[in-house]
Amino acid sequence: MQTRREMLSRSAQVAGMLAALGLLPNMAQAQATPYNTAAFEAKTMADLMKALGAGAPVESKDVTITGPDIAENGAVVPVGASTALPGVKRLLLMVEKNPAMLSAIFDISDAVEANIATRVKMGQSSNVFAVAMMSDGKVLYAAKEIKVTLGGCGG
Amino acid sequence: MADPMRIRAQAADGKATVRVLMAHEMETGQRKDAAGAVIPAWYIQEVTAQLNGKTVLTAQWGPSVAKNPFLQFNVKGAKAGDKIGISWVDNKGDKRSDEAVVT
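Sequence lines, in order, name chains A and B.
Going by my numbering, the first sequence opens with residue 1, and the numbers climb by one from there.
Going by my numbering, the second sequence opens with residue 1, and the numbers climb by one from there.
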């Protein structure tokens with residue numbers, strides 16, 4: 001027999017699901033790319049590119065990585081990735097010396113500029129990469145060294 | 001479920017700059033608590049941004065995105081009065097959606 005509490009929580013869940021469906025297409029099925037666990041667990045650039053189905057990245061002046069030269073707090077490092085090139089499919093942010101290199105993947109549509117800013121955790125001073133995956137298959141990147149005075153994983 | 005996101009969207013020059021601040025612990029799964037037990041990973045995995053109901057940006061995040069994640073991006077062609085919707089799903093299946101109007 002369902003308690004009233006269970007019934008309430010069940011209807012809240014259903015309402016939440018309906019609201020989510022109303023706002024966006026059902027992510028698990030309609031979205032072209034399910035969550036790429038292999039990419040987020042990759043520990044080397046080669047593994048990561050393989051998990052993303054991408055070729056070897058080429059350094060490019062047309063991709064920009066922004067961030068501080070020295071981050072006082074490794075738990076919150078503001079970084080940005082951008083490119084002025086047309087035809088960008090994805091922008092990636094990676095921290096070389098983190099336990100898992102990949103921090104974020106952004107799927108860029110025609111309606112947004114290829115210019116993203118967010119904040120990442122860095123365990124130690126490291127190179128940070130902005131990678132642009134283009135619609136023609138090219139993979140371009142830019143790197144910046146960010147020094148961290150206090151590591152960001154609580155260790 | 002969690003605290004509401006703060007979304008600010010300002011239109012200028014035919015595009016809108018959207019800034020979002022989400023409330024989430026973003027645990028990496030690497031930390032240990034006082035007793036020495038590992039605090040399990042708990043982080044936003046997928047983020048979707050919509051302009052007037054149409055998806056314009058999706059993102060997949062790993063645990064290394066900072067706590068209380070910040071996100072900034074520019075939507076082309078957005079003008080004052082348009083609706084920006086941001087949704088996220090975390091690795092436990094929790095979800096959150098919030099909307100704001102472009103000013």
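Incorrect hints may appear among the rest.
Said to hold, decoys possible - Taking lysine to aspartate or glutamate and the EDC-like style, the derived pairs with C-alpha atoms no more than 20 Å apart in a straight line are:
1. A:97 x B:27
2. B:79 x A:59
3. B:54 x A:110
4. B:67 x A:47
5. B:83 x A:145
6. B:67 x B:13
7. B:92 x A:113
8. B:76 x A:59
9. A:50 x A:136
10. A:138 x A:110
11. B:15 x A:113
12. A:43 x B:27
13. B:76 x A:47
14. B:79 x B:25
15. B:83 x A:113
16. B:54 x A:113
17. B:15 x A:110
18. B:92 x B:13
19. B:54 x A:41
20. A:138 x A:72
21. B:15 x A:136
22. B:76 x A:72
23. A:89 x A:69
24. B:79 x A:47
Keep in mind the hints are simulated off the structure, nothing from the lab.
Hints, one by one, checked against the model:
1. A:97 x B:27: 18 Å, holds
2. B:79 x A:59: Roughly 36 Å separates the two Cα atoms, so the pair is violated.
3. B:54 x A:110: 12 Å, holds
4. B:67 x A:47: 26 Å, violated
5. B:83 x A:145: Roughly 37 Å between the alpha carbons, so the hint for residue 83 of chain B and residue 145 of chain A is violated.
6. B:67 x B:13: At roughly 32 Å apart (the allowed maximum being 20 Å), residue 13 of chain B and residue 67 of chain B break the hint.
7. B:92 x A:113: 30 Å, violated
8. B:76 x A:59: Violated, because 27 Å separates the two Cα atoms, which is more than 20 Å.
9. A:50 x A:136: Cα-Cα ~17 Å, so holds.
10. A:138 x A:110: 18 Å, holds
11. B:15 x A:113: 9 Å, holds
12. A:43 x B:27: 19 Å, holds
13. B:76 x A:47: 34 Å, violated
14. B:79 x B:25: 33 Å, violated
15. B:83 x A:113: 18 Å, holds
16. B:54 x A:113: It holds: about 16 Å lies between the C-alpha atoms, which stays within 20 Å.
17. B:15 x A:110: With a Cα-Cα distance of about 12 Å, the restraint between residue 15 of chain B and residue 110 of chain A holds, given a limit of 20 Å.
18. B:92 x B:13: 40 Å, violated
19. B:54 x A:41: 30 Å, violated
20. A:138 x A:72: 35 Å, violated
21. B:15 x A:136: 26 Å, violated
22. B:76 x A:72: 34 Å, violated
23. A:89 x A:69: 28 Å, violated
24. B:79 x A:47: This hinted pair is violated, its Cα atoms lying about 41 Å apart.
Against the hints set out earlier in the document, violations occur for numbers 2, 4, 5, 6, 7, 8, 13, 14, 18, 19, 20, 21, 22, 23 and 24.
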